[in-house]
Amino acid sequence: DAKTTQPPSMDCAEGRAANLPCNHSTISGNEYVYWYRQIHSQGPQYIIHGLKNNETNEMASLIITEDRKSSTLILPHATLRDTAVYYCIGRTGADGLTFGKGTHLIIQP
Amino acid sequence: DSGVTQTPKHLITATGQRVTLRCSPRSGDLSVYWYQQSLDQGLQFLIQYYNGEERAKGNILERFSAQQFPDLHSELNLSSLELGDSALYFCASSAIRQGVGTGELFFGEGSRLTVL
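Chains A and B, in that order, give the protein sequences. FYI, the numbering for the first sequence is 1 to 109, going by my numbering. FYI, the numbering for the second sequence is 1001 to 1116, going by my numbering.
Careful, some of the hints might be misleading.
[As the list claims (entries may be wrong)] Okay, derived cross-link-like pairs now, DSSO-like style, lysine-lysine, Cα gap no bigger than 27 Å in a straight line:
(1) K101/A - K52/A
(2) K101/A - K1057/B
(3) K1009/B - K3/A
[Stated by the list, open to error] Now the in silico label distances, taken between C-beta atoms and shown as ranges:
(4) Q1041/B - D11/A: 44 to 50 Å
(5) H1073/B - R81/A: 44 to 50 Å
(6) A13/A - E1053/B: 34 to 40 Å
[As the list claims (entries may be wrong)] Facing chain A, a subset of chain B residues (Cβ under 8 Å, in silico):
(7) E1062
(8) F1064
(9) G1103
Don't read these hints as lab results, they were simulated from the structure. Predicted, not measured: the structure shown is a model, and the values here were computed from it. From the three backbone atoms N, C-alpha and C, an ideal C-beta is built for every residue, glycine too.
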């Protein structure tokens, strides 16, 4: 799995868009970028993943740069319930996921 | 609700003892993963099973073992427990497409083990 770098923590005001960056400069061509989040001591929750193109689902949008060295997860209208640790993971088709330390996103009222 | 069920939710035991954690994957998922999360180590991948066979092994201690049964539920056995084994243990399951895990893992709520 590619090494990923994320800021340890971020704040965002409730109702605003939360933009979480991730650097993955060593990602290989067949590695997908996955995002998960973990709300305090609960099981991690899958959010979204992508390879080259930008992706959007009901939870978030994923913007991947053209060179694929970085990506941004966007929560369009953050709520207090979005306070969690967000993990960015580079993964090939091989099984298993390696979680790093992630970004602790705190949504402020 | 992810559809993955883990029991027990909480377990307190003493050093040297042995415990078994149980996981029922989502209906139809053939692949089961076990993770350990302690305060100082983060989420650590332990082991993966696919349709009853061991598929991948991570940082799993020799004192720990796992298996997946024909009905696809899995058990993680922890023996000769030490204080440092106190942690949250998560099970996850995923679908398999074209022989490869999809990367969309569905996690249970975990089993919190406390070793005194």
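(message) Please list, smallest to largest, the hint numbers that this structure does not respect.
(response) Per hint list: 3, 4, 5, 6, 7 and 8 violated.
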